[in-house]
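Listed in order, the protein sequences are those of chains S and F.
The opening residue of the first sequence carries number 1 in my numbering; numbering runs sequentially from there.
The opening residue of the second sequence carries number 1 in my numbering; numbering runs sequentially from there.
Please keep in mind that the hints were generated in silico from the structure rather than gathered at the bench.
Mixed in with the good hints there might be a few duds.
[Claimed, not checked] Here are the computed lysine-lysine pairs in the DSBU-like style, where the Cα-Cα straight-line distance is at most 35 Å:
#, chain 1, residue 1, chain 2, residue 2
1, S, Lys67, F, Lys260
2, S, Lys24, S, Lys116
3, S, Lys55, F, Lys260
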Amino acid sequence: MQAFDIEVDFGNSRILHGVDFTAKPGEITAIVGPNGSGKTTLLRAMTGEIPHSGKVLLNEENVAGMKPWQLAAIRGVQPQTTNIAFPFTVFEIVRLGLSTVLSAAERDLPLRALEKVDLSGFGNRMYQDLSGGEQQRVQLARVLTQIWQPVIDGMPRWLILDEPVASLDIGHQFTVMDLTRDFAARGGGVVTVMHDLNLTAMFADKVVLMQRGQIAAQGSPKEVLTEANLALTYGCPLPVNTVPHDGTPFLLPQARPAQPI
Amino acid sequence: MSLSIEVPQQLSLPVDRRVQARRLTVILIALLAATSLLSLASGATGTSLWGALADLVAGRELSRLDRIVLFDIRLPRLCLGILVGASLAVSGAVMQGLFRNPLADPGIVGVSAGAGLAAISAIVLGALLPPVLRDQVGNYLVPVSAFFGGWGSTLILYRVSTRRGQTSVATMLLAGIALGALAGALSGILVYIADDNQLRDLTFWGMGSLAGATWTKVLAATPIVLAALAVTPFIARGLNGLALGEAAAGHIGIPVQTVKNTSILTVAAATGAAVAVSGGIGFIGIVVPHLLRLATSPDHHSLLPNAALLGASLLLAADLIARVIIAPAELPIGIVTAVLGAPVFLWILLKRHGAISL
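Just chain S, same shape as in the assembly:
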């Protein structure tokens, strides 16, 4: 998945300044950065949700020329939050991920997807009654139902996630990140906006660090998540250590001493 020279304006202010972005199949590419740095805007521009200039390619094909159903066949997108006005059950929401033409094998995909996000037995519950974290996992199950096989006809499929672990407890953060790693390991591409830098360091193959609508740094977690880069973008000291056995960076932020205001 590639994006060239993406620019986005809201009113008179430019939110993204000519961003070039690349993500490879078989990898998890994480977009990180402080609030307002343009992470979600970049994701929404690349998925065509907001007006933008520039070009986006998916499996070498320009998405501008593709029909919604063609895109849906190779790309699933999970939004940050989804409010639903009507009393749909969890099962009915997940089933929306199925296309209209069904093979017999596809019919149990909603149940299998619910099992994957640790929501077996939740099928009859009303979506509206679930907690924010559970709703987020239901939406992920819906997206997984849509693009169950990471590779189809030799073409990778793409899982695009906007802060998929934002309201999850730590156990389910790992459930979801393991799922994305499995998707990438089987040949699919994962592009995800992340806030948690430790999870990012553990799971991402590539990190794109954004600041004020531009890419400040990109590369492996080890290259990008450095004390210098983080202090510059987040504006606070963030000591970075490394996990002894594999060299993965990790952050152990310290509270600053209290200062009289």
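We have chain S; now place chain F onto it with these hints.
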């Protein structure tokens, strides 16, 4: 200390509410048949449907009075009731799906008022058309104008209240009030300049009643209503997808813009046709879909056909009440649907206390 919490296992396989919805369809067909028979059998005159049927079966000629009462009064009224009830309920359900909100209803957000203004314009200004043209368009002028009036107001409403794929309920309701007030004021001006003959037409029409049912009206409304109903199976999946929001609907492969345009045209056609032949009849469009969502599921594949059936039955029942409660006079049906529907509407609001974020 070790933690040990017994967690009850939830091992229920999902109930497929589509099966329940299909069962409900069968029940609703039976209900519509029953209300239709009752509607044919009741009325101010002593004509008995059963007596007439017995006569027909025995090959006897019906009396002239019976023939007129059954075939020229009650039967067109029955057909019109079915068409109007189905239109109102389906346009409510489609509009709620489009706006992702259970409170959107053509009657509440000014679409009926827009259709009404266009219908009144057609009645009053239609007289200014050259006679040749008037003979040509004749019966279709009012329903077709009402369609365009409904279409225009739905379009304005959607434009005003939707930003980046999210519809603001507060803006929608406020814009609806503004549209309704404007349409009401312009209608008032037209009533003021109308002549006596037109005034009689307008009064009759404005009360919201099936009393003026004629075969001409049935024939004028039928193609529009059937076209609107025929479209609904094709937008059902799209409306289900729109429940996720416009962006997410697009991501599961739904041609969002097409679904939106089709829905707006469907609402306009169904509301326009209903308003043109029966005036303003409220609350069917909000109560029927709500009851059905409670009874089975919000899945539009079943919701839309079931809404048509239940809407038709409810309107026939309301019409029956309107006809018999102060017989031989009759109440405008709009009064009956408001008396029955407004409390249900309030009940919906009460049940959702705080759940509607404006």
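We went through each hint and held it up to the structure:
For the hint pairing Lys67(S) with Lys260(F), the CA-to-CA distance comes to about 16 Å; that is within 35 Å, so the pair holds. Proximity of Lys24(S) to Lys116(S) is assessed by CA-CA distance (about 24 Å); at most 35 Å being required, the pair is judged to hold. Distance hint between Lys55(S) and Lys260(F) is fulfilled; the C-alpha atoms sit about 27 Å from each other, no more than 35 Å.
Every hint, counting from the list given before, is met by this structure.
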